[in-house]
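Read top to bottom, the protein sequences are chains A and B.
If you read the first sequence in numbering that gives the first Met the number 0, its first letter stands for residue 0, the second for the next number, and so on.
If you read the second sequence in numbering that gives the first Met the number 0, its first letter stands for residue 0, the second for the next number, and so on.
The set of hints was computed from the structure by calculation and includes no laboratory data.
If you're wondering where the values come from, they're calculated on a predicted model, not measured in any experiment.
Check each hint, because a few of them may be wrong.
If several chains are the same, the list does not tell them apart, and a pair holds so long as it fits within one copy or across any two.
Taking lysine-lysine pairs in the DSS-like style, the calculated list, with each CA pair at most 27 Å apart, reads [claimed, not checked]: (1) LYS133 to LYS293; (2) LYS352 to LYS143; (3) LYS108 to LYS139; (4) LYS145 to LYS352; (5) LYS230 to LYS108; (6) LYS136 to LYS352.
Number of protein chains: 2
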Amino acid sequence: MSEPRRNAGPAVSFQPPDRILMGPGPSQVHARVLAATARPTVGHLDPAFVGMMEDLKVLLRRAFRTENDVTFPVSGPGSLGMEACFVNLVEPGDTVVVCRNGAFGGRMKENAERCGAKVILVDDAWGDPVDPAKVEKALKSAPKIKVLAFVHAETSTGALADAATLCRLAREHGALSIVDAVTSLGGVPVEVDTWGADAVYSGSQKCLSCQPGLSPVTFSARAVEAVKKRKTPVRSWLLDLNLVLAYWSPTGGARTYHHTAPVNALYGLHEALVMLMEEGLEASWARHRLHHEKLVAGLGRLGLSMQVAAPYRLPQLNAVRVPEGVDEAAVRRRLLERYGIEIGAGLGALAGKIWRIGLMGQSCTARHVLLCVDALADTMRG
Amino acid sequence: MSEPRRNAGPAVSFQPPDRILMGPGPSQVHARVLAATARPTVGHLDPAFVGMMEDLKVLLRRAFRTENDVTFPVSGPGSLGMEACFVNLVEPGDTVVVCRNGAFGGRMKENAERCGAKVILVDDAWGDPVDPAKVEKALKSAPKIKVLAFVHAETSTGALADAATLCRLAREHGALSIVDAVTSLGGVPVEVDTWGADAVYSGSQKCLSCQPGLSPVTFSARAVEAVKKRKTPVRSWLLDLNLVLAYWSPTGGARTYHHTAPVNALYGLHEALVMLMEEGLEASWARHRLHHEKLVAGLGRLGLSMQVAAPYRLPQLNAVRVPEGVDEAAVRRRLLERYGIEIGAGLGALAGKIWRIGLMGQSCTARHVLLCVDALADTMRG
């Protein structure tokens with residue numbers, strides 16, 4: 000940053016450009032959700048607001064397909080939701096099995112280690128699904144595994160994990176499961192109770208098509224019990240379930256102040272969930288599947304192929320191989336400049352090798368598919 | 000929560016009630032800021048958005064009166080900003096002096112302990128300012144103090160600390176200072192560079208009159224150096240300055256993804272800061288002082304007195320003694336029901352003993368003062 004600007008910056012309002020969001024998130028936010036966020040701010044303990052919080056928890060339970068009492072949005076991005084799961088369930092000296100087949104599995108490892116855990120890694124190639132056989136072997140490799148952690152929908156690669164099987168394996172081996180559902184919630188089936196998952200976190204800005212900044216989480220009774228039985232304090236004051244639930248899920252006593260909730264962001268999440276329920280969860284999953292298939296077909300006509308094998312492909316996050324000799328960054332730049340379309344670059348092991356095309360929530364329509372395929376055809380020519 | 004609602008909640012949009020916000024925050028949010036937040040979401044790596052981020056850092060430096068490079072909004076509430084300061088600067092085994100004269104000093108102690116620090120407490124009565132003589136004694140009481148932590152504007156009591164003196168004492172004793180400026184920023188002078196403060200955090204929803212959910216922070220070069228020299232990893236992945244700065248303040252290399260920034264909330268903070276600069280910082284401080292004096296005079300005519308001695312009173316957070324025999328909760332309920340006015344209750348040691356009347360940012364006008372005094376006169380009668 001150049002010196003002269005430092006304390007003499009422009010004090011003019013910011014007007015964002017007109018974009019079509021087809022990257023790995025944020026997805027397009029509907030006008031109804033934007034309008035909800037702009038409603039007048041009220042107090043975080045206002046009786047009307049507290050009523051909205053209760054409705055929001057109900058809506059989140061429906062989205063997560065769970066009866067878990069402890070289901071609420073963490074006041075921060077998906078990475079803070081991830082941290083909420085790890086800091087509450089993991090204590091120093093615990094052993095944690097982490098599945099890593101992309102960037103977010105790597106982030107889980109980082110979190111577990113910063114909680115003082117011993118991590119057993121189960122590595123799979125970026126773009127491959129998590130291999131349940133390897134997970135089972137890892138779960139058997141140590142006497143007491145506290146947690147099995149895996150990413151349901153790897154946003155960095157577009158691969159889907161078999162969450163039902165992995166959560167079952169965790170239970171069979173007496174471990175709790177932590178599941179990253181940031182990109183899956185609303186786009187593909189997330190069945191928290193059927194799976195028997197213990198701690199699941201998501202993000203507002205993917206298939207829920209809300210503004211980024213909130214992380215819905217849900218904890219099973221078993222997980223809440225484990226938090227209550229901890230021998231050491233939770234390392235984060237803000238994320239300590241023992242404290243935050245006095246605000247989000249008071250039992251017995253009155254609701255008390257913990258932190259100032261992000262009031263307007265919560266209006267937006269509420270409206271986004273109302274819209275999801277109006278459409279219906281199954282209808283939303285079917286829509287994501289349908290347009291994904293159309294996108295893959297369209298890309299195929301351009302000679303483009305997918306990174307992930309068909310059975311494990313996420314409909315909402317399409318990892319597309321960059322053809323030999325194509326400058327992937329130049330194509331993305333031309334898409335943005337000519338058409339105002341944002342798609343994502345590859346991360347980590349797949350940097351430079353793939354594009355990530357999101358069909359998430361409001362960004363998953365026939366219009367988006369058509370536009371993206373045609374615009375790619377044009378911009379790949381130069 | 001009653002059973003039948005659980006998974007069959009109402010899926011209708013939420014319409015907040017019409018409120019006048021005169022509690023301890025959130026304060027009234029201006030229509031311009033609400034409108035900014037509702038602008039279309041763009042990607043967190045979009046070149047236009049990145050330009051806005053740079054402007055936002057410039058605006059925050061002006062608000063904090065600092066040249067600190069590392070000045071940005073943490074993606075969460077003020078409590079997360081507090082946590083960002085502690086987890087980066089405090090390592091297990093460090094000794095930290097914490098000044099506690101209200102609820103938020105207590106929260107600082109919690110944070111320091113969860114970082115593994117040995118805490119030396121400097122207690123003052125709730126409503127009294129921090130006593131620098133006690134602080135000096137505490138700083139001399141142990142061979143190596145890593146951090147002195149104090150609250151500049153105690154939101155729970157309305158007392159102002161002498162930040163210049165406390166930061167100077169910290170430097171003289173080779174300690175870093177952590178300063179809570181959640182309620183002070185924009186309302187009274189916050190002079191980060193003049194004080195020589197090392198880590199300062201604030202909140203969006205007080206005198207900046209932005210929606211709640213963001214925590215502006217600033218770190219001195221000395222503080223950043225201390226983070227780089229740590230012997231142990233920062234306990235929080237999301238808050239680790241070594242990682243988050245690759246997104247907010249890349250030096251040398253390209254800006255890289257760390258977490259998905261709360262795009263729309265940042266639009267709002269940017270607009271709120273633009274409005275603050277249009278008014279001018281000094282003008283904003285003077286406005287808070289002026290209306291505070293009018294409020295104290297008006298309350299005096301009702302026979303109400305202030306909890307905090309005049310020299311230490313925060314203009315933006317007025318702790319008013321509840322008269323003998325008055326049901327304080329009933330008055331607050333009547334204010335809300337009859338007039339839609341929110342004021343705050345006392346916390347902790349002052350619960351039931353005070354009301355907290357906020358005159359923060361857009362909630363600090365002649366209209367607010369007049370309305371509040373008249374409405375209190377009415378509702379105290381029954």
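Hints versus structure:
For the homomeric pair LYS133 and LYS293, neither the shortest alpha-carbon distance inside one copy (34 Å) nor that between copies (71 Å) is at most 27 Å. In this homomeric assembly, LYS352 and LYS143 never come within 27 Å of each other (Cα to Cα): the closest approach is 39 Å inside a single copy and 51 Å across copies. Taking identical chains as interchangeable, the C-alpha atoms of LYS108 and LYS139 lie at most 27 Å apart only when both belong to the same chain, with a minimum of 19 Å there against 41 Å between chains. Proximity of LYS145 to LYS352 under the C-alpha cut-off of 27 Å is found in neither arrangement, the shortest distances being 36 Å within a copy and 46 Å between copies.
Proximity of LYS230 to LYS108 under the C-alpha cut-off of 27 Å is found in both arrangements, the shortest distances being 22 Å within a copy and 20 Å between copies. Neither within a single protomer nor between protomers do LYS136 and LYS352 lie at most 27 Å apart by alpha-carbon distance, with minima of 31 Å and 61 Å respectively.
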